[in-house]
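Enquirer: Read top to bottom, the protein sequences are chains A and B.
Letter 276 of the first sequence, counting from 1, is numbered 276 in the UniProt record's numbering, and no numbers are missing.
Letter 321 of the second sequence, counting from 1, is numbered 321 in the UniProt record's numbering, and no numbers are missing.
Please keep in mind that the hints were generated in silico from the structure rather than gathered at the bench.
Where a beta carbon is used, it is the ideal one built from N, C-alpha and C, also for glycine.
Treat the hints with care, since some could be wrong.
Stated by the list, open to error - In silico DSS-like cross-links for lysine-lysine, where the CA-CA straight-line distance does not exceed 30 Å:
(1) A:K198 <-> B:K256
(2) B:K87 <-> A:K267
(3) B:K111 <-> B:K87
(4) A:K256 <-> B:K198
(5) A:K318 <-> A:K187
(6) A:K167 <-> A:K300
(7) B:K167 <-> B:K198
(8) A:K256 <-> B:K213
(9) B:K144 <-> A:K267
(10) B:K5 <-> B:K111
(11) A:K267 <-> B:K10
(12) A:K213 <-> A:K267
(13) B:K87 <-> A:K321
(14) B:K267 <-> A:K267
To be verified - Chain B stretches covered by chain A per the calculated footprint, using a threshold of three residues with CB under 8 Å from any CB of chain A:
(15) 230 to 243
(16) 250 to 259
(17) 271 to 282
Stated by the list, open to error - Computed far set for chain B versus chain A, every beta-carbon distance over 10 Å:
(18) D28
(19) E188
(20) A210
Number of protein chains: 2
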Amino acid sequence: MTTSKEIRLKSRPVGLPTADNFELASVDLPAPGPGEVQVRNLFMSVDPYMRGRMYDRPSYVPPFQIGQALQGGAIGTVVASNDPSLKEGDLVQSMFGWREAFNAPASALQKSDAHGLPPQALLGVAGMPGMTAYAGLLRIAALKEGDVVFVSAAAGAVGSVVCQIAKLKGHTVIGSAGGAEKCAFLKEIGVDHVIDYKATKDLTAALMEAAPKGIDVYFENVGGEHLEAAINAARPFARFALCGMISQYNETGEPKGPSNIIQAVGKSLRLEGFIVSNHYDMLPDFLRDMSAWIASGQMKWKDTVDEGIAAAPGAFIKLFKGENLGKMLVRLS
Amino acid sequence: MTTSKEIRLKSRPVGLPTADNFELASVDLPAPGPGEVQVRNLFMSVDPYMRGRMYDRPSYVPPFQIGQALQGGAIGTVVASNDPSLKEGDLVQSMFGWREAFNAPASALQKSDAHGLPPQALLGVAGMPGMTAYAGLLRIAALKEGDVVFVSAAAGAVGSVVCQIAKLKGHTVIGSAGGAEKCAFLKEIGVDHVIDYKATKDLTAALMEAAPKGIDVYFENVGGEHLEAAINAARPFARFALCGMISQYNETGEPKGPSNIIQAVGKSLRLEGFIVSNHYDMLPDFLRDMSAWIASGQMKWKDTVDEGIAAAPGAFIKLFKGENLGKMLVRLS
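Modelling step: build the complete structure from the supplied sequences, incorporating the hints.
Expert: Pasting the structure below:
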């Protein structure tokens, strides 16, 4: 018998989540039953999309339940196996994050190989966020020659990969982020025009200065004023990949919609939302390209790592305060 | 020498245009010069998009100029020709609306054949508005089997064609219009669920009642509350063809954007604006299909006709008050 600490949803957040919305609990894990394995997590991921699952409403994934452990991407090692497909020491990915250890059917886990990378890269640049960047930029925004690309939350886990893929393909890239540290990282990864939105009064003017002829692609992670500025700066036939709108996830009143949406008509804009899970047919291409980019040193990334399961709620809350650079992770063992 | 009365832009409207923004003037027309013809207009079109050209700003068409005659679709007959390509009595379409008669190079005119229809149909169901409906529904919204289709301004020149094409292709159609007369017309053309938005407090609720499983296509002519309701009622992967947003054309403050735009992410919605002039490669298909639908009695339409050039500004203003049923026209001779 082993013990695992886990984070449960104690109450549904109203507005920005607080520590009170979460509770730490301990569970005893028996030996894994037939077909099961026991996994000790190395790292868990916190991602903005999890905020949506804290609302009790229909969505593309069911809501988290009060009193139950939260879920999310995690990478761990098998510590006991009762299934021939996995053995002790195997590296596995799962959606059983927010807990130190767990038992699960072997079939619910994805046996993984970090190919010489730190295993937590499978939760970031080489995992779901990287794949989100790849699918959103190449399929949804349908990046094509000559496009000028604007990326918001550009220093985040998804945005920083978007910027670098666009640069690798020869595009002019404008990235927006908040604060000097993030902006320095954007310059380091080759972003052509860096906008520190916290130091910018008029985002449209800043964007038009960076792209006097306008933008062709907008990779949307933020919403609100960023979306309005992108619409203002869009050239005819610009494509917007709507990946997320983190500025709105904790809105308690009526969020402000883009007041200039009418420009989408005259400019023939295309705004398209997407969920990465609908685009996993691109996974082989993504893994091939991303492996090559990492191996050649052309893809850089940053992690922000908090320590221990008790830190997970705080790590999650940091996402909405913009306190993470790159991928936000919690180290669990 | 003949005389033609024309309507000029006297001042740029602020908000809803008024009669004061226009002036009636007379011009003398000499005999047409070499390569020119003289045309007497039968009908001119007023269309919502013309409001955009009254602002002094860059757009997909240049702004109207103060003191000059307005422009727009018109159908007329050649009354004098100095070019071998056109002869007296020929029916021609042009952008020289807002005037009784004009001289123009023959090359600037489109020789037309009404194929037994009243000639003004070439300004409506069998012309630009019909083509707008066709391209928007079939290409931009990419109508496919089983789609539930929602159309706003459904009794208008474009909307009523959208409704009927969707019905002809076997779809469930929900149409929104204001007032009993328009709603009766929608029932007459086979719309399955008619929403009188002027009699509806909660457009989202009305839409969800008409389409309990949600909508797959939204043909957007109105903006504002209609767009929000469509987003609320959209099923995953719904496609929005953004044709116009008439509720916003006269907005003097900051228009209200769709506060629920974030749903575009989770539902993988696609919102795409378009301008019919970019889709004229579909014209042969449109003419083939529309001719067949009209010939078989499967396509109905209504015109609202005001009389004489002096009535043109009032006819234009009616568009924004919703006082037209079907295509708004001015008879000029």
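Enquirer: Each hint needs a verdict: does it hold in this structure or not?
Expert: Hint check:
1. A:K198 <-> B:K256: Satisfied, since the Cα-Cα distance of roughly 25 Å is no more than 30 Å.
2. B:K87 <-> A:K267: Judged against 30 Å, a Cα distance of about 39 Å means the pair is violated.
3. B:K111 <-> B:K87: 10 Å, holds
4. A:K256 <-> B:K198: It holds: about 24 Å lies between the C-alpha atoms, which stays within 30 Å.
5. A:K318 <-> A:K187: Given pair A:K318, A:K187 holds - Cα atoms ~23 Å apart, limit 30 Å.
6. A:K167 <-> A:K300: Roughly 12 Å separates the two Cα atoms, so the pair holds.
7. B:K167 <-> B:K198: Holds. B:K167 to B:K198 sits at ~24 Å (cutoff 30 Å).
8. A:K256 <-> B:K213: Distance of about 27 Å is within 30 Å: holds.
9. B:K144 <-> A:K267: 25 Å, holds
10. B:K5 <-> B:K111: Within the cut-off at roughly 23 Å; holds.
11. A:K267 <-> B:K10: OK: A:K267 and B:K10 at ~27 Å, within 30 Å.
12. A:K213 <-> A:K267: Roughly 14 Å between the alpha carbons, so the hint for A:K213 and A:K267 holds.
13. B:K87 <-> A:K321: Roughly 73 Å between the alpha carbons, so the hint for B:K87 and A:K321 is violated.
14. B:K267 <-> A:K267: 24 Å, holds
15. 230 to 243: It holds, with 3 qualifying residues against the three required.
16. 250 to 259: Since three or more residues must qualify, the claim that chain A covers the region 250 to 259 of chain B holds, with 6 doing so at under 8 Å.
17. 271 to 282: holds (count 6)
18. D28: 36 Å, holds
19. E188: 29 Å, holds
20. A210: 19 Å, holds
Comparing the model with each earlier hint shows violations of hints 2 and 13; every other hint is respected.
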